[in-house]
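This is what each chain is made of:
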Amino acid sequence: MTNTLWGMQITAEQLLTAFGDTLYMVALSLLFSGLIGLPLGILLVITRKDHIFENKWIFNSLNPVINILRSVPFIILLVALIPFTRFVVGTAIGTNAAIVPLVFYAAPYIARLVENSLLEVDKGIIEAAQAMGATTWQIIYRFLIPEGLSSLILTFTTATIGLVGATAMAGAVGAGGVGDLALSYGYQRFDTMTMIVTVAALVIIVQLLQSTGNIVSKKIRRR
Amino acid sequence: MIEFQDVKKVYETKKQAFEALKGINLTVEKGDIFGVVGYSGAGKSTLIRLVNLLEQPSEGTVLVGGKDLTSLKPKELRAEKKKIGMIFQHFNLLNSKTVFDNVAMPLVLSGTPSNEIKQRVEELLEFVGLSNKAKNYPDQLSGGQKQRIGIARALATNPSILLCDEATSALDPQTTNAVLQLLKKINKEYNITILLITHEMSVIKEICNKVAVMEAGKVVEQGSVLDVFSKPQTDTAKNFVRTVIHDEVPESFLKNNEKDAPVIWKINFVGSTSGKPLLSTIAKKYEVHLNVLSANISEIQETPFGNLIIEVTGDKREIDETFQYIKDQGILVQEVVIND
Numbered sequence: 001m002t003n004t005l006w007g008m009q010i011t012a013e014q015l016l017t018a019f020g021d022t023l024y025m026v027a028l029s030l031l032f033s034g035l036i037g038l039p040l041g042i043l044l045v046i047t048r049k050d051h052i053f054e055n056k057w058i059f060n061s062l063n064p065v066i067n068i069l070r071s072v073p074f075i076i077l078l079v080a081l082i083p084f085t086r087f088v089v090g091t092a093i094g095t096n097a098a099i100v101p102l103v104f105y106a107a108p109y110i111a112r113l114v115e116n117s118l119l120e121v122d123k124g125i126i127e128a129a130q131a132m133g134a135t136t137w138q139i140i141y142r143f144l145i146p147e148g149l150s151s152l153i154l155t156f157t158t159a160t161i162g163l164v165g166a167t168a169m170a171g172a173v174g175a176g177g178v179g180d181l182a183l184s185y186g187y188q189r190f191d192t193m194t195m196i197v198t199v200a201a202l203v204i205i206v207q208l209l210q211s212t213g214n215i216v217s218k219k220i221r222r223r
Numbered sequence: 001m002i003e004f005q006d007v008k009k010v011y012e013t014k015k016q017a018f019e020a021l022k023g024i025n026l027t028v029e030k031g032d033i034f035g036v037v038g039y040s041g042a043g044k045s046t047l048i049r050l051v052n053l054l055e056q057p058s059e060g061t062v063l064v065g066g067k068d069l070t071s072l073k074p075k076e077l078r079a080e081k082k083k084i085g086m087i088f089q090h091f092n093l094l095n096s097k098t099v100f101d102n103v104a105m106p107l108v109l110s111g112t113p114s115n116e117i118k119q120r121v122e123e124l125l126e127f128v129g130l131s132n133k134a135k136n137y138p139d140q141l142s143g144g145q146k147q148r149i150g151i152a153r154a155l156a157t158n159p160s161i162l163l164c165d166e167a168t169s170a171l172d173p174q175t176t177n178a179v180l181q182l183l184k185k186i187n188k189e190y191n192i193t194i195l196l197i198t199h200e201m202s203v204i205k206e207i208c209n210k211v212a213v214m215e216a217g218k219v220v221e222q223g224s225v226l227d228v229f230s231k232p233q234t235d236t237a238k239n240f241v242r243t244v245i246h247d248e249v250p251e252s253f254l255k256n257n258e259k260d261a262p263v264i265w266k267i268n269f270v271g272s273t274s275g276k277p278l279l280s281t282i283a284k285k286y287e288v289h290l291n292v293l294s295a296n297i298s299e300i301q302e303t304p305f306g307n308l309i310i311e312v313t314g315d316k317r318e319i320d321e322t323f324q325y326i327k328d329q330g331i332l333v334q335e336v337v338i339n340d
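Protein chains in written order, with the numbering used here: chain A, 1 to 223; chain B, 1 to 340.
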């Protein structure tokens, strides 16, 4: 145990690797769940009654599916999805494998948050767009998204932080990461120092994410 | 230019249907500044939204430039909408974009080359007098400035019709006046037909040449502004006219003369008749005494429009003859009835 740090049972290298794993999982799952969640969130907004792409069928089928996915606890999702994960990634164990359930967890969450952000956009703006003869697509990317951007940034900040928390549980499938260290060393082996250091690391990550999100959102919202 | 033919609009909810428009017939001619006035809930907001199909008519036809927009394909409809500008009570500008980008938006949507956009937007900002605000954001502007940006944006695609949805209702009186003068200028210089809805009769008086009064989903009165102002027929119209032309006899005056009810006449002068020396003629011709209680004159559509309230005393027969004489002159006179 020559490389241990501050009396922890883990090495500095282990901590750094865990840090990298966490960032990797958060970044990739955020990317994929954003790619899925953003369009779904937009669909939830524009297909509702009296909106620009009113469609009962889409709205009424999408809405419960998102609710169902949102109500399954992540740890169960993680296990339940193992066959699917194996099919997609080739293995059900490890950092890459954890990304699949993380996306299933975050995509519906992001869809809901995006929906909330875009519903905040003043209906008058959409009315003005329609009066100008904008197409549905133009209304989305020229009006809805720019007007909701500041709120969308906060949405994605919240989702990212949610993902940081979820990666801790991904240790259950051997995914690694800071949260996994906290559980397997700090909690299961009563290594208090590791627990403190890892939790502190998570706190710093979350703080950094939230502050960055706030600053960017504020900058876009202006005054 | 815009024609409503038996237009009905029904909003269906799960439990009941609400009839917002109950058979509207209106014609807005090219070059008109047509005002629709009514209390909130009268249906005027629905009415104006039928013109550019922000709302679909349930029954009847709305013709814009002779075309029924509901029969067009989506692409044709979007092209047609570019010929109809619209401004709103709450401006509906994009807060995330600069003034320049806001005004440029309709041009960007139709894929105009950026050098043309730049030229057109500069021209429009100059026209509304806000060239120096191009780089500002809407939240840095006052209400009046925001509405002028709204106007510039609405004019970007060179429309032939401008729809104004309570465009001055969120503005203070002075700013309102400036915006109205701008609308008048647009109508004159670009020959753009304007359809506006408002709940303020002063707006109608200031710039419209034609007016329709709406109540509970119906047009209860319509005609030239001068006609409706000088001879309002319905109670709603009378109430609206009263908000800008004060020709009420104060109640206290009527009550002070309880014993002997005074004879009070209200006389309206329109146009050339306002120039004749009516009172002095009466005084010479008939044995009656005239007491002017109130008089005022204003201008509607560049025509002088005045009213006079007089108390008449004298012999009953002389009074009746005088009344007939005024009528014979083609002057609108009516007796003010004192109701307890």
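Calculated from the structure, these hints are not laboratory results.
Predicted, not measured: the structure shown is a model, and the values here were computed from it.
Keep in mind that the hints are not guaranteed to be accurate.
To be verified - With a Cα cut of at most 20 Å, we get these calculated SDA-like pairs of lysine to any residue:
| hint | chain 1 | residue 1 | chain 2 | residue 2 |
| --- | --- | --- | --- | --- |
| 1 | B | Lys82 | A | Trp137 |
| 2 | B | Lys266 | B | Glu321 |
| 3 | B | Lys75 | A | Lys218 |
| 4 | A | Lys56 | B | Glu55 |
| 5 | A | Lys123 | B | Lys135 |
| 6 | B | Lys238 | B | Asn136 |
| 7 | B | Lys231 | B | Glu206 |
| 8 | A | Lys219 | B | Thr98 |
| 9 | B | Lys135 | A | Arg142 |
| 10 | B | Lys118 | B | Asp101 |
| 11 | A | Lys49 | B | Lys118 |
| 12 | B | Lys118 | B | Lys135 |
| 13 | A | Lys49 | B | Asn115 |
| 14 | B | Lys75 | A | Glu54 |
| 15 | A | Lys218 | B | Glu321 |
| 16 | B | Lys135 | A | Arg222 |
| 17 | B | Lys97 | B | Pro113 |
| 18 | A | Lys219 | B | Glu55 |
| 19 | B | Lys97 | A | Val203 |
| 20 | B | Lys67 | B | Lys83 |
| 21 | B | Lys82 | A | Ile52 |
| 22 | A | Lys123 | B | Lys67 |
| 23 | A | Lys49 | B | Lys22 |
| 24 | B | Lys22 | B | Glu59 |
| 25 | B | Lys14 | A | Phe84 |
| 26 | A | Lys219 | B | Glu29 |
| 27 | B | Lys82 | A | Thr136 |
| 28 | B | Lys231 | B | Asn136 |
| 29 | B | Lys14 | B | Glu29 |
What the hints assert, rightly or not - Coverage of chain B stretches by chain A, computed from C-beta distances (three or more under 8 Å per stretch; other residues unrestricted):
| hint | segment |
| --- | --- |
| 30 | 3-12 |
| 31 | 315-324 |
C-beta atoms are modelled at their ideal positions from N, C-alpha and C, and glycine is treated no differently.
Comparing the hints with the structure gives:
Using a Cα cut-off of 20 Å, the hinted pair lysine 82(B) and tryptophan 137(A) holds, with the two alpha carbons roughly 17 Å apart. This hinted pair checks out: lysine 266(B) and glutamate 321(B) have alpha carbons roughly 16 Å apart, not beyond 20 Å. Between lysine 75(B) and lysine 218(A) the alpha-carbon distance is near 38 Å, which puts this suggested pair outside the 20 Å criterion. Taking the CA atoms of lysine 56(A) and glutamate 55(B), the gap is about 19 Å. The hint holds against a cut of 20 Å.
At roughly 25 Å between alpha-carbon atoms, lysine 123(A) and lysine 135(B) are farther apart than 20 Å, so this suggested pair is violated. Distance hint between lysine 238(B) and asparagine 136(B) is unfulfilled; the C-alpha atoms sit about 44 Å from each other, more than 20 Å. Our distance criterion of 20 Å between C-alpha atoms is met by lysine 231(B) and glutamate 206(B), whose separation comes to about 18 Å. Distance restraint check for lysine 219(A) and threonine 98(B): the Cα-Cα separation of roughly 14 Å lies within the 20 Å cut-off, and the hinted pair is therefore satisfied.
About 19 Å separates the Cα atoms of lysine 135(B) and arginine 142(A), which keeps this hinted pair within 20 Å; it holds. Under the criterion of a C-alpha separation no larger than 20 Å, the hint pairing lysine 118(B) with aspartate 101(B) is consistent with the structure, at around 10 Å. Annotation: proposed proximity of lysine 49(A) to lysine 118(B) is violated, straight-line Cα distance about 38 Å (limit 20 Å). A distance of roughly 13 Å separates the Cα atoms of lysine 118(B) and lysine 135(B); the hinted pair therefore holds under the 20 Å criterion.
Of the supplied pair hints, the one linking lysine 49(A) and asparagine 115(B) is violated, its CA atoms being roughly 39 Å apart against a limit of 20 Å. For the suggested pair lysine 75(B) and glutamate 54(A), the alpha carbons sit about 18 Å apart, so the restraint of at most 20 Å is met. Our distance criterion of 20 Å between C-alpha atoms is broken by lysine 218(A) and glutamate 321(B), whose separation comes to about 78 Å. Distance restraint check for lysine 135(B) and arginine 222(A): the Cα-Cα separation of roughly 14 Å lies within the 20 Å cut-off, and the hinted pair is therefore satisfied.
Taken as a hint, the lysine 97(B) and proline 113(B) pair is honoured in the structure, with Cα atoms around 19 Å apart against an allowance of 20 Å. A hinted pair counts as satisfied when its Cα atoms are at most 20 Å apart, and lysine 219(A) with glutamate 55(B) does not qualify at roughly 36 Å. A threshold of 20 Å between alpha carbons decides the hint, and for lysine 97(B) with valine 203(A) the separation of about 36 Å lies outside it, so the pair is violated. Of the supplied pair hints, the one linking lysine 67(B) and lysine 83(B) holds, its CA atoms being roughly 12 Å apart against a limit of 20 Å.
For the suggested pair lysine 82(B) and isoleucine 52(A), the alpha carbons sit about 18 Å apart, so the restraint of at most 20 Å is met. Between lysine 123(A) and lysine 67(B), the direct Cα distance comes to roughly 28 Å. Violation of the 20 Å bound is thereby established for this hinted pair. Only pairs whose Cα atoms come within 20 Å are accepted, and lysine 49(A) paired with lysine 22(B) is rejected, the gap being roughly 24 Å. A threshold of 20 Å between alpha carbons decides the hint, and for lysine 22(B) with glutamate 59(B) the separation of about 10 Å falls inside it, so the pair holds.
Taking the CA atoms of lysine 14(B) and phenylalanine 84(A), the gap is about 43 Å. The hint is violated against a cut of 20 Å. Restraint check: the Cα-Cα separation between lysine 219(A) and glutamate 29(B) comes to about 48 Å, which exceeds 20 Å; the hinted pair is violated. With a CA separation close to 15 Å, the supplied pair lysine 82(B) and threonine 136(A) stays within the 20 Å bound. For the hint pairing lysine 231(B) with asparagine 136(B), the CA-to-CA distance comes to about 48 Å; that exceeds 20 Å, so the pair is violated.
Between the alpha carbons of lysine 14(B) and glutamate 29(B) the distance comes to roughly 39 Å, so the proposed pair goes past 20 Å and is violated. With 0 residues bearing a CB less than 8 Å from a CB of chain A, the segment 3-12 of chain B misses the requirement of three and the coverage assertion fails. Counting residues of the segment 315-324 of chain B whose beta carbon lies closer than 8 Å to any beta carbon of chain A gives 0, which falls below the threshold of three, so the coverage claim is violated.
When each numbered hint is compared with the structure, violations occur for hints 3, 5, 6, 11, 13, 15, 18, 19, 22, 23, 25, 26, 28, 29, 30, 31.
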